[in-house]
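With the hints as a guide, bring the two chains together.
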Amino acid sequence: MKKWALSALKPLLTVVLGLIVSGLIGQLTGYPASAVMSALWLGSVGTVTNFASTLVIFIPLSLTALGIAIAFRAGLFNIGAEGQYWMGAIAATWVGAMGGAWPPGVHLLAVILAAIVAGGLYAMIPGLLKAYRGAHEVITTMMLSYAAVEFGHYLIEKGPLMLPGAIPESPAIAQSATLPILVPTTELSAGIFLALGAILIAAWLMTRTRLGFEITLLGKNPKATRLAGVSAPKLTVISMVIAGAFAGLAGGVQISGVSHQLMDSFANQYGFTAIVVALLARNNPWGIIPSAFLFAALQSGAGYMQMNANIPAQMAYVIQGAIVFMVAADRMFDWAWIRFRKGRWGQMPPSETPAIAHEEVSL
Amino acid sequence: MAQLEVVGVSKRFGNLRANDNISFSVRGGEVLAVLGENGAGKSTLMKIVSGFLRPDSGRVAVDGQTIPIGDPQAAIRAGIGMIHQHFMLIPRMTVMENLILGREPRTRLGSIDTRQAKQEVEDLSKRFGLHVDPNSPVESLSVGEQQRVEILKAFYRGAKILILDEPTALLTPQETDRLFGSIREFARQGLSVVFISHKLDEVMKISERVMVVRAGQLVDTVDTGQTDAFSLARMMVGRDVDLGASRTTSGLGNVVLTVDHLESQLSKGQPLLGPISFTLRHGEILGVAGVEGNGQQELAELLAGIRLPSSGTILLDDKRVDSLPIRRRLESDIAYVPADRQGEGLVLDLKIWENFILRDYYRPPFRKGLGIDVKVAKARTQAAVDAFDIRPNNIDLPSRALSGGNQQKLLLAREMSRNPRIMIVSQPTRGLDVGAIEYVHHQLMSLAQTGTAIVLISLELDELMKLSDRIMVLFRGQIQGIVARPEFRRDAIGLWMTGQKGQEVRQ
Chain A
394 MKKWALSALK PLLTVVLGLI VSGLIGQLTG YPASAVMSAL WLGSVGTVTN
444 FASTLVIFIP LSLTALGIAI AFRAGLFNIG AEGQYWMGAI AATWVGAMGG
494 AWPPGVHLLA VILAAIVAGG LYAMIPGLLK AYRGAHEVIT TMMLSYAAVE
544 FGHYLIEKGP LMLPGAIPES PAIAQSATLP ILVPTTELSA GIFLALGAIL
594 IAAWLMTRTR LGFEITLLGK NPKATRLAGV SAPKLTVISM VIAGAFAGLA
644 GGVQISGVSH QLMDSFANQY GFTAIVVALL ARNNPWGIIP SAFLFAALQS
694 GAGYMQMNAN IPAQMAYVIQ GAIVFMVAAD RMFDWAWIRF RKGRWGQMPP
744 SETPAIAHEE VSL
Chain B
27 MAQLEVVGVS KRFGNLRAND NISFSVRGGE VLAVLGENGA GKSTLMKIVS
77 GFLRPDSGRV AVDGQTIPIG DPQAAIRAGI GMIHQHFMLI PRMTVMENLI
127 LGREPRTRLG SIDTRQAKQE VEDLSKRFGL HVDPNSPVES LSVGEQQRVE
177 ILKAFYRGAK ILILDEPTAL LTPQETDRLF GSIREFARQG LSVVFISHKL
227 DEVMKISERV MVVRAGQLVD TVDTGQTDAF SLARMMVGRD VDLGASRTTS
277 GLGNVVLTVD HLESQLSKGQ PLLGPISFTL RHGEILGVAG VEGNGQQELA
327 ELLAGIRLPS SGTILLDDKR VDSLPIRRRL ESDIAYVPAD RQGEGLVLDL
377 KIWENFILRD YYRPPFRKGL GIDVKVAKAR TQAAVDAFDI RPNNIDLPSR
427 ALSGGNQQKL LLAREMSRNP RIMIVSQPTR GLDVGAIEYV HHQLMSLAQT
477 GTAIVLISLE LDELMKLSDR IMVLFRGQIQ GIVARPEFRR DAIGLWMTGQ
527 KGQEVRQ
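In order, the protein sequences belong to chains A and B.
Taking the working numbering, the leading residue of the first sequence gets 394, the next gets one more, and so forth.
Taking the working numbering, the leading residue of the second sequence gets 27, the next gets one more, and so forth.
In isolation and in its complexed conformation, chain B is listed as follows (with noise of 0.2 Å):
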């Protein structure tokens, strides 16, 4: 008996059909990974299935049951349980108060009942494997136990369906092993688990079938053991992907940066990131690995001139730029492309010529008078957005009008465009559908073919070990390991990720 079960579900959006007539059931004991490519509809079909969306049309039923439409709690009630990809907990909370709020178990007098509170959730997360302390607060927890929480607490409120929305975004590649191996628990106990993703590779390893949707529409499901990462592919973005187009490094340059002890502080004694020491050469890609918040902001900040070192110096070629503003910066070629796109990067209701001169708006060719050379400006955005195929292609829209894939080329468009010798990418491809990655990552490529080093910033392990030449794993603002191209491990530099020295593999 079908557990999940979604019929002809529609919805539109204006004119976009977001969900076109969508069906498809998941068995209890059963993991259905749904596959797209972002804005192919799959977080509206799991609102609507969550009931944080009425769809147009369709219905949603639970062991044969057909639940109200568009009311969260009539499906938490069915036992659906959403894990969303960005946590919904109170960080000064502790794990349980997180867990039981809005639920509460009472005792007679009315008071929360703390003792049956901590005894149920020691009870489940004793049945499905996932150890958090319920006294500790969410905030002092890693992402992957903050996960752990959010999916204790869509057990306390009785799921039996569980949905996970790119669950591991976020997570090193040991809490990945983790969850999967959750994942696999929940299954074994009966449980349906419904897996978001547009990472192939993990598709392949968690599913027992797939959904593939495209563009709003179910294109099909299949068992996954019939299938392959490459007609998956095919099958999410509609054309042939090259998945595999690893990078050719041709012989290295001359060192261009040197960083030498480099620190930032948050205040006396408290350092943010550092002393670090590090070279790049010219046509070097150097990634930078690592969980998130480990200092790898810091370092792109320092770096591109929006924080001053407290000590250290950065050399460009023999030059310091470590005290330059970061004008002088970006005058020194440097470019930086910000992991927070559209809050740093670009302006978002500025139009997309606008944008695309805004590190350089007042500098030949684009500076006339006291005013901005429009007429320059704008055919040299027309020639980089038709280089860099943006849609769509009307500069005089805001940038606000692209989709993120865009909005990314845009920026990188914009650097490019700015002939850098060095380049800081911070989280380059976050967000991006398969066919845009793969667009990033060969410009990047190119990039460093002509001869600028880039420093790349990422949480994606694989994308690292793609593009990189050299990997650096930064751990608590240090230098947790740097190793070169043909030694790349996944699992050593998942240990490193985590704190965990591993000289042996050290260069």
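If we strip away everything but chain A, and leave its shape as in the complex, we get (with noise of 0.2 Å):
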């Protein structure tokens, strides 16, 4: 228990200091800092319609977060992980509107299942050029996010997926592919028991299967994982397989609970936040409860605080930077806490501290 607290102070103080930030930018900029937090308070989980709608933001965050923490885990940087959560969220708009009768469920898990193998295949391919080609996966995740997003407009616009009409959109799904909704009145469905099932089945490979042992061991240390005998090239196709399949079923998800059809607007952008979401939550599948959940309730309170209490939505977005940012900065804590623990400034700089301790070993 003291251990997880100690692991969790870090990141607690990183966006504690970035509230405290965005409050001072917000009190400069001519909105009281008490006035923002409590209409983002108000705004995310105030009401049980905004929690509601805060629940429905964490619920793609937190799948997707999933895959880039389990990429990251590998040692691998699934910048992409946009791009499969669109070939997931086309895989399920694809199989629930494609009509038939079916026995009652199944179309559901066909969806749930058409979107996780599509999340999963389209990351293969990142995963086999990293692999046995040396490819780096920034550059093909990336990439191939444009594609995927641009396969989906297409598929929208004049594709097979389209609608007839002025606004690119696909058919909705059938009633019998859709998630139950939860709470009446709001978009919230059964999709958060997905997200939450996903989050202990991660927790589990990670850290109780010989899978989640090797994806460890390869992200920490390639070369003493190879010597010891695992595949590196088919233990990072497995790790993508399995980072794009939570992506995949992040869109499924989506459509199937949400927007139930597929349209430009549904992605929000949610597999960029979802970065941020895995490192703040250190690639941890438990620490990404809180994480998405922090940037879901940023974001569906700034849609509050706009319409409510006249701040703009970008007051927001500033506070989602600056927490942005310390993340990004983080090792600053580690620096600041080694300088109050000396006590004295006008030592070494920290980073040599390591660096000399190393070399006193490796002498």
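It is worth saying that the hints were derived from the structure and are not from the lab.
Backbone N, C-alpha and C define an ideal beta-carbon position, used for all residues, glycine too.
To give an idea of the chain A side of the interface with chain B (calculated C-beta under 10 Å), a few residues:
#, residue
1, F606
2, E607
3, K616
Restricting the straight-line Cα-Cα distance to at most 25 Å, the calculated cross-link-like pairs of lysine-lysine (BS3-like) are:
#, chain 1, residue 1, chain 2, residue 2
4, B, K231, B, K186
5, A, K613, B, K401
6, A, K613, B, K394
Set out below in structure tokens:
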């Protein structure tokens, strides 16, 4: 418990500092920090409806972040989870809108599975390229992400999933392919259980299985992993497929639970926000719960703030940006900590401390 | 008059007292050896002297003048020159460019005055007898020559006090002799030399006085002539050390490994290793000697399956193993302890017990359902950690928390517990202190006693001569010679290492 609390301390500090900084920015630009924060609070968790809409965003964010976190654990930077998310959504729409008579539940199951498979297969491409051709996954996943998004646009604009009309959108999926709504008059669907279930599965996979052990090994030390007889290329592909499967599931759940059809606005850049979610969670599946919730709350609070408190939604993005910045700069805390412990300044820079300690050992 | 004087230097890192009130002095024309185990505080002390670290208290004086502490530039101006174990040279630049870098002589127009630079370099190398071609790029030089460039660099910056940090670690015996010749020459010309080492024989050979440090404290400073290796070892380790434990071979068994015309090529016609052929018997320790980078790493990797041969065969008993992947070789009871234990042997961020099962986690007794039987894994690890006296013995710590010696013990414990028939060990004692070296040697000898055939790759000739039944010398990927135990001769092996054929000692 103590260890757990300690490892949560830094992310917490990150968030608090982000809030303080953005509060200051709000203050300076004429929006009192207290007003901003209370509007955010009200807009994200203040009412049942608002809480539900936070959870609606939580679902795709957490699922996509799982995909990114698992790839990260394997030492792979899955920047293009957005594309895997789109592919999952496309597959879900296709299966959901294909018509035909399905036994109860089977259609929904098929939609979800199609999304998982599509996301997994799509992530397999950069996995294979990385494993056997050495192509860097940051480039390939990123490029393939654009390809997927454009493919989706094509499908709804002039492709087979086009619904005749002025707005580019797909036909709606069948009733039998939708996830049941949990809170009436909101968009919160049973997808929340899928998200929590996926977190549970990811945590189990990473900490309780040999595959999770291998993925961790690969991420920590690929050379030693290879010397232990593990096939790094194979494992790279598998890790990417699993990562893509989670991101694809996110897209499928979004179609099946929220938008019920493929259209341009359904993605909302979740794939990119999810990168920060995973980073803040330190790639720990359990950590994704608070981290995805935080970003979901910021997003849903932003809309409320704009409409009801007359504070521009951009203020919420300032907060988001400030937190992202703090996440990126979190080594800063180590540095401050060392300085604090030493109790005096003017020592050697902290980056040298481990280096020197390391050298002492390796002499 | 003492040229270098260090008074009451203390330095703490957190709770660790790296240096505790250490004082010493070196006179001009004197060679002072600083002897101590790894982690004893030698390097910290020298980093303080050369200004890389700021001590918590104490002062450093040259010729009676206190120099500002924690200022490398001031130390250089005062004439302190530090030669690091890992050279700080730019491989692509020439010797001269490396030497003048940062202090280039200028012509009136502001461009580099090459003629004067060359003149200065030549004068220096003549004066100190350190011969290197100023125009050859550093990357084409041998390790010994690169070291000479490092020393020249210090002289170019006006060093009067030369600090050498483990200077012989990468040298052949001949290069070491040559270095010692140079050191004596420096002393003769009135320079002070501080020679940091943990090798007793070298300290005995080169120094006039020895300062022994242990756990951050100055144990004693003695005249080399008044002491011997055993008392020094006792002072360094704090207890009696068995230095001479030599190997008794009780007859070797059958041939277990046959390597036949094994070859590895970088590309067609560019051999990295081989073709080489040799055999290995049950219970035999085959030492592989050579200057670093002469095919030892390739040989280890070929045997372990990390690299596949371009031609040739490896027979384990009568079965071919040369094309088996790594895991199948591990399953054939071939164990490999890589030289780079932190980079290849262990996963430092993982716990000790996780590292212990690193190569067997997928098979019984550790396999359990889709996961790992943590209970069995931990029990086995705890037993091994206790048996090998790995400290700290908390197996839930990351292996990063272990010292170099204990990391090596963990590696050996893991590989030995796999009951290998063949064990490839690369640089098992590099960077370890005397106590740990003694332990590793002991373990390897008892492993051979139980019948395991060991391929021992080492840069330390003493180690090979102490442990091996036969020594095989590699030079540019070829076997330069193989010699069996009674005929071990340092000078002959040293010549082989430099590529000179000595047919008369060849077996």
